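Colleague: Given only the sequences and the hints, what does the whole structure look like? Please build it.
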Amino acid sequence: MRRGWLPLALMTTLIVVLGGYSEVQHSTFLGKLNLNSLLLETMPLALVSLGQTSALLVGGFDVSVAALMTMCVVTASFTITPTMSGIALVPGALAIVGVGLATGVFNAFLIRVLRLPSIVATLGTLSVLEGASLLLRSFPEGPINTDVTSALTAGVGFVPYAFVGVVLLALLADFWLYRTRAGLALRAVGLDATSSRRLGMPTGRTILIAFVLCSVMASVAGFYLAAEVQIGSPIIGNQALESIAAAVLGGAALSGGKGSFFGSMLAALFLTEIDNVLPLFQQPAEYADMTIGVLILLALVLYQAPELVARARSGRRRLPVAEAQI
Amino acid sequence: MSSPGPVSPDVLAVRGLSKAFGAVQALRDVSVDCRAGEIHALVGENGSGKSTLLGIASGFLAPDEGTVEIAGARLARHSPAAARRLGLGIAYQDYSHVLDLSVAENVYLSVPADERPPYGQMQSWAEETLATFDLDLAVTAATGSLSLAQRQLLEVVKALLTRPKALLLDEPTTALGPEAVEKFHALVLEQAQAGVGIVYVSHRLPEVLAVADRVTVLRDGVSQGTFPASSVSESGIVALMIGRPLEVAFPDRHGPGADTEALLAVAGLRGERFGPIDLTVKKGEILGIAGAEGNGQVQFLRALAGIERSSGSASCDGERLDTRSPLGPLRAGVVLLSGDRRGEALFPVLSVRANATVQVLGRLARLGVVGRRRERSAIGELTGRLRVRMGSAEQPISSLSGGNQQKVSLMRPFLRGDVKVILAEEPTQGVDVGARFDIYDALRAKVDEGIAAVVKSSDPIELAGLCDRVIVMSRGAIVEEIPGEELSERRIVEAIVGSRRSVIAAETRQA
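Chains A and B are the protein sequences, given in the same order. Numbered by my numbering, the letters in the first sequence go through residues 751 to 1076 in order. Numbered by my numbering, the letters in the second sequence go through residues 3 to 513 in order.
Hints in this document: simulated from the structure, not taken from any laboratory. Check before you lean on any hint, since a few could be wrong.
Stated by the list, open to error - Partial list, computed: chain B residues near chain A (C-beta under 10 Å):
1. A83
2. A84
3. A85
4. S98
5. P120
6. Y121
7. T164
8. F186
Computed from a predicted model, the values in this text were never measured in an experiment. All residues carry an ideal CB built from backbone N, CA and C; glycine is no exception.
Modeller: Here you go:
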């Protein structure tokens, strides 16, 4: 995993240090109630960051995830209404995942078939989804079933079952990524698509699956968000940049092929923790944004330090030599 | 369609292949077949269509016309995966390694999925596998840390691990020394004996003829025929490889006098893919650099321009060149005309005027403001002299033809008063015949003003017609120097393919 541990160690350290400092300053941080709400608040960002990580692993971006999450919240206000109960809720939940699946296939179509750069393709999807959400609900209305909320917030002690589920999912995904042949193939496609294609790997299918996975995870995140806000709000999702930030802080390379699902999960927890402790210090939210920005820059510099040192030693950037084309 | 196959059935048969890239017809109705157990050499000059042929045969490119059969089965879908399944292995000239992954991981990925060991045993398995090919590599090392020769051998081993019935080798020895070539050929012969059909593409005629059973010669995308290797001579093949009519008239050569002073002096310059190189270029001289692609010519030229890293020394007009950055050579009057016009030389969206004057804006400006009129008058006379064909100086340069774009980048050294050496990389690549003549004329006219030029070209006709002297590079070293009175296309091509000589020369150089 060469250097892959650095982001995990850094994120863990930051979570503990920030938590410890908050506890020393205001002894409410480690209270069961606060920890519980911290973990619950982390859920949507953690889920969407796992999805974003899969897009980053194949060298792409998905900026449509936040709009998709909003769309899922709006969808929930139609398909998971308070009048339903028990088994009747299942189709509604599946409909939300269906929205994610459809969005993922659409994104993958734009990227693979129409050959659009992923950032442009998903930017278009973002606008379409935003418009569609506003068409369906022009203002927050349509209450969402609270049974779902209680199911998703159930847990043992201050730890929601769902959070345990996300942690396990992230660990499993990392195991898959770094300890199986399919995971190796995925990383190879992200690192060097041309060589992978030459080796007979299905690069197109890999990229397609990665983007579908990203959207499906975002729709599950949207499901959580719906359970949290409990109303069909058309302007709720804003995690697009945060999910990319979390994936990058967790060790994902923008160039593809490198990253850790567990790292993204930890980074999502850390980013949520910043939001969580800010009221304790009675600081305006703007500080949180600035802190996050500075931290991302610092982390990126730290992760790339070995390359930067090597480059400084070798003197300067090397311009690419024009290669003969076949 | 089952028939009792012949004794040596074709393991690869391409028929009637045609392929065009834009206006360039890379292949025209080419058919080649390779039998089981045969080593089939495929030779031709740079740009004769060899790589395109391999790209199609391996499923990486789709042909415009024609069919590919691998081990008797038609390649229906043009994808590398489909070709592999039918039994085709290929060692790419520029490799198929994922450089960020370890050697073991790369070897693992190259094997068909059902033959891979459990993931956990990958390292020990990769070690054993490489050992059977007598390849001693640290399997945990990143592939990017391997030497070029190691990468090249690993590429061939990876192709063999697919247990191919037909094996394509694209310039497999460019990074190998003489000993490694011998070892590599033993491996190739062993595979052929085991029944693998091998298509061996190489510039190095003596090398490839030493092991080949048959030879197919390509010229300008057209097959010149297939011959038993025992029945053809090296010079006969060279004659088939060249033989284009001389299509342009070259400007008169004056050449430097014997006592003309040296302008550019290079001593012991070495870089990643070349060196050590010693040479001098005199005032009024155009020096050509020839060689098969990928033998360090580009890197050498770029090292002089301060773009590639190098050690050793170079001086211009008696002053030492600071080649640590492109700025040093530029200040000393050494300018590079990049072969990558779109990527490096030009600003495609800017106007012809802006592209021409970008390096001399300081001289054209008064109080920091560039005067349009001064700019126009500066380039006006030059566009006429270099015969740039355009509607107006304000149209974007990307709307000009390749030849006229090149003329505009040539205007820069004319506009600068202080140019001493022009380093030109493929100055007429993608340029039509008429414009070539203008470019040759302009280069010669500029050199006659008392500067020097170094021209790297893959076109031997161009080198023979334009240059006062040509050096031939192989494996990063100068293996031959052809004086002006001996220059001809044939002489240059012979020097390029004559790798026996070059191997000996390289050995003595290393000794």
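Colleague: Which hints from the list above does the structure break, by number from lowest to highest?
Modeller: 8
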